[in-house]
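Protein chains: 4
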Amino acid sequence: MLHFDSDYMEGAHPKVMQRLVETNLEQTPGYGLDEYSAKAAGLIREACGCPGALVHFLVGGTQTNATVIDGLLRRYEGVMTADSGHINSHEAGAVESSGHKVLALPGHQGKVDAADLERYLSDFYNDENHGHMVQPGALYISFPTEWGTLYSLEELESLSRVCHTFKIPLYMDGARLGYGLAASPDVTLKDIARLCDVFYIGGTKCGALFGEAVVSTRPELLPHFFTHVKQHGAMMAKGRLQGIQFEALFTDNLYTEICGNAVRQALRLKQAMVEKGYRPYVDSPTNQQFFCLPDSEAERISKFATFEIWAPCGPMQSIVRFVTSWNTGDSDIEEFISKL
Amino acid sequence: MLHFDSDYMEGAHPKVMQRLVETNLEQTPGYGLDEYSAKAAGLIREACGCPGALVHFLVGGTQTNATVIDGLLRRYEGVMTADSGHINSHEAGAVESSGHKVLALPGHQGKVDAADLERYLSDFYNDENHGHMVQPGALYISFPTEWGTLYSLEELESLSRVCHTFKIPLYMDGARLGYGLAASPDVTLKDIARLCDVFYIGGTKCGALFGEAVVSTRPELLPHFFTHVKQHGAMMAKGRLQGIQFEALFTDNLYTEICGNAVRQALRLKQAMVEKGYRPYVDSPTNQQFFCLPDSEAERISKFATFEIWAPCGPMQSIVRFVTSWNTGDSDIEEFISKL
Amino acid sequence: MLHFDSDYMEGAHPKVMQRLVETNLEQTPGYGLDEYSAKAAGLIREACGCPGALVHFLVGGTQTNATVIDGLLRRYEGVMTADSGHINSHEAGAVESSGHKVLALPGHQGKVDAADLERYLSDFYNDENHGHMVQPGALYISFPTEWGTLYSLEELESLSRVCHTFKIPLYMDGARLGYGLAASPDVTLKDIARLCDVFYIGGTKCGALFGEAVVSTRPELLPHFFTHVKQHGAMMAKGRLQGIQFEALFTDNLYTEICGNAVRQALRLKQAMVEKGYRPYVDSPTNQQFFCLPDSEAERISKFATFEIWAPCGPMQSIVRFVTSWNTGDSDIEEFISKL
Amino acid sequence: MLHFDSDYMEGAHPKVMQRLVETNLEQTPGYGLDEYSAKAAGLIREACGCPGALVHFLVGGTQTNATVIDGLLRRYEGVMTADSGHINSHEAGAVESSGHKVLALPGHQGKVDAADLERYLSDFYNDENHGHMVQPGALYISFPTEWGTLYSLEELESLSRVCHTFKIPLYMDGARLGYGLAASPDVTLKDIARLCDVFYIGGTKCGALFGEAVVSTRPELLPHFFTHVKQHGAMMAKGRLQGIQFEALFTDNLYTEICGNAVRQALRLKQAMVEKGYRPYVDSPTNQQFFCLPDSEAERISKFATFEIWAPCGPMQSIVRFVTSWNTGDSDIEEFISKL
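Protein chains in written order, with this note's numbering: chain A, -1 to 338; chain B, -1 to 338; chain C, -1 to 338; chain D, -1 to 338.
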């Protein structure tokens, strides 16, 4: 059976695992105060072109979103997102659980449009009753989005401009950042660091066992972040584990390189599906591919490959999602194509 | 200047005020543990036909909604509402502030449709990923709604049936309950008590200085409610103040009678507006009336009457809201008509 | 039966009530945006000698404490208090409910000692592990304290100095502020405004039906306080009710004068008890008086007067509390003495 | 340099690490819904003698405490603990952050006394004002405690009896459970499962890279725990990582055996310190050893070994803590003794 359910089905990239094994019996201080974490933070700052950035390692995505967003907001503030945003649907209300409303904007294949954002903010401040409403306190976007789509550089610059005009921090969820960067024609990590106030570089789905690297070019937005992270239960005793992993991922371009493989394999899979006559539901350039399939076809493919049923898209039809990972091999795709 | 901004612009009905004055220097225990509160609770239980109901007095509407909803839900649960619901827009995120997501269903002139509700709940439980999502834990409706509309008895029965099928408590916000009851052709207070698990009888907008009476026919849904209310900062030291007011309101049908006046005056105002050629935005039978007016006409009327600009409804047009209250006099409406 | 259970057993001072009656049928905007609230705020600013102070009216004490403290703190911060502080015992966990730890310092007859405070803060910052601990983010004191005692001007100045050295806002709970000011030999309202960053002037226990006036000389500490108050369910629709009451209380020194009566009556009661041979448990100069009584004596007195049993103070002995109010009459005390 | 700072300075036991390596490239479902997690849960249920227990894997200790406690409590409830409890001091207010007060009972070398507990609960329910206070909703204990001490079987049975009399769930923090079980003369894992309602078996400090296994013999106390865990940000995408580790730890008694080593080494260190004339601050039988040392002696030892300064214990003296781990070797202790 071939597996295209998700990009967190395997463990870590072998080079990452090897470093965990090599360092296993060393003794270091806890809570990320070790040398490996310091070195990884340095490599990340360098890759981002931000020598002064705050870099902090957390464990998983939902945790990172809830912790960062709660750190950015005051009690009377909420976070804006595309309606399809992960925080609005599949995080079990973690943001609300720390007291903040999720303010949904219309999503365009998973993306927030700068014009929508500007209108929302203008309308809000023009509304005489806005004192009775949740203040917009941050914008959440993801790169790639839930639908595998990417913001162009121009789109990101527009969002950043609107945010800064209204003094709203821009936060990017980078759970699959490596796949986004590998697929984008124009957006680089340095662009993201320049345009976002806070973002995270996803490890869990991009070659690590687990771990997400929060980066902020405006550390004053997240005061006492160490304590805040601890309070959210998001602090690892053996914080070095993320340091070691991110050091490996940010050495010799490993992160970018392995994510590039996933994107290539995904595009091969997509092409094969299209040639077979299936219709992409969204034109995704990244490692998640969505198709609208007759249920009978989905049934047929499920005999040799796993994937996720996403939602209905008409009578007897479903949106299905295929996901490749850094570990998807040529042979996996070839076998898939041959059985298709 | 005539005032139709809202129904909380005056103090209390003179009979209510008189009782506050008469009892002012009496000494009673605090926190609603006095005789007046007990008597008022008894009158309310009688009017509801529920001898065993929990009756508890709170101060205001947002507070009551947040306190009751937080009391009904477990941490992993959210509250469903029409998207236009007051808790979803004009309560500054009070529900989220106590940790719960507001789950918006499509509103139909402010109302939740039982078929939508059933579909939402079915889809939720059929979704393989629902363990990652906020559990629907209660349904919030209001009577009348934000748009002044009313559920018919049949609609309420349908909602109640769906809720009970899915074991979801049904909670009704009755900030303007008196106006709703006065206007409804078929729904009585006893029906509400029979069909809802928790509801509140609004005092602030319906003749009291302030105060809302929470009623629950299933007190086990709100365990240790006294302490819960205290924790929410919703407990009045001089709890008798609400007891005295609700005793007056529930003596000799005062509550129903004075609310009936508001509805009659609102319908006269509506008829005058329609005769003048203005288009109601919603066909409201209660004390809130909405029209879609050219901005120039709104401007003109604002010379002699206050009202609220609700939202745009086309180029150079706005939805405006006129509200009457228990205290709106015949002469107010006549003056309005004469100037219209 | 004479009543000395508490100072919130009556309604409002007749002059306050009279103003509520006189203005009852006027129509004003809601939410404290009316003229009466503006006028009351002006009178309070004048009495405090702080023309630029933020003044905001809330409904009750627990609500005010939770709302202000939550407004002052960031998520990773807690509030320090004497262990006997009201927020630490009798507010049903309202502060924790909004996410903040209450950090208890040793109380000295209800008071926080500046030296203890300084030691606590020094120790905290010297502790290598303080990043894993709740940051002290505000100091809560009350005037008078739970035990009826008062800070001297020098004590207040010391606390204020320590707080400002550590950049910790000083917040004073003034539920009974009028009684404290009436009894203090040296502390004035202007001193409090000068030494505290935020405090509230209690209305509920000091002549109003209800209402507490929050005053802050550093409004930047409570940004968007209107929305924050709304979110806490602490906003009154008919906000003018507090404005009208505080205007009455701050006209012609009514507040100070009526509270002075309570203190005088309390001291007469105390003297009578002492002459009868009963031992004050605390030497309180204010309207709350505590005695350590044999249970048999408490039983005897309870035949003609109500009071609160506070705690045991030895075998068959209890601490009891007698409270006078602005409404306690000469004849009440005389009758009490005659029956003692 | 020898390291006795803590028991989380190394990675995982080699057998644990080996299993992570062997399974690294396998593909499994996420969120703990894999075969390894199922197998590990089975082994734990067997070791506990509880075929029907809920077993759920979380990442770290603070997270587990906050998640479980928040799951056990209703909004109006708090958690009791010894004043020295980890949740009361070094978890950055994580419990309060989810809305619950930590109710501190006097600690006896880190332990809660059943008689104190009973008195606290009786006094609470006898207090007329308890409706205004936080309800005690669970008891938190740890085994071993913060001071390395252990409850005897009789003490545990007494606590359990009091808890069940008052219908209060008993929750045990087992961050160092392996060390406690290895050192206890009479308490077994089956006893713990029998006497506690919920507990966790610590992995992070006892041979795993990370991971804590929550066990509840009354799963109805933690409804929808999967969603609750997700909401707390405590769900690992690659949940199998804990399954694989706990399977290794619960195969061939690895958990007990390696923890036994730590205890033996700790007792050798303790004996050497005592023979050298140093005074244990607490008589701990487990892998944490506390001494009251003159600062000059602490300074001297710090030349060849790391340890934690815990608190002052007199002028120029400090309580210091030495901790051994599953990985402390004979040679480490011999070197320590030789340099002492």
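Treat the hints as calculated values from the structure; they're not laboratory data.
Some clues are possibly wrong.
Just so you know, same-sequence chains aren't split out, so a pair can sit in one copy or run between any two.
To be verified - No more than 20 Å apart at the CA atoms, straight line, and that leaves these computed lysine to aspartate or glutamate pairs for EDC-like:
| hint | residue 1 | residue 2 |
| --- | --- | --- |
| 1 | K13 | E24 |
| 2 | K165 | E218 |
| 3 | K268 | D328 |
| 4 | K337 | E153 |
| 5 | K188 | E155 |
| 6 | K188 | E33 |
| 7 | K188 | D81 |
| 8 | K268 | E24 |
Against the structure, the hints come out as follows:
1. K13 - E24: So K13 and E24 pass the 20 Å test inside a copy (18 Å) and across (16 Å) alike.
2. K165 - E218: Both: 14 Å inside a chain and 17 Å across chains, each within 20 Å.
3. K268 - D328: within (14 Å within a copy, 59 Å between copies)
4. K337 - E153: neither (39 Å within a copy, 52 Å between copies)
5. K188 - E155: For K188 and E155, only the intra-copy Cα distance (13 Å) is at most 20 Å; the inter-copy one is 52 Å.
6. K188 - E33: Classified as neither: same-chain Cα gap 24 Å, cross-chain 41 Å, threshold 20 Å.
7. K188 - D81: neither (27 Å within a copy, 39 Å between copies)
8. K268 - E24: Close neither inside one copy (45 Å) nor across copies (24 Å); limit 20 Å.
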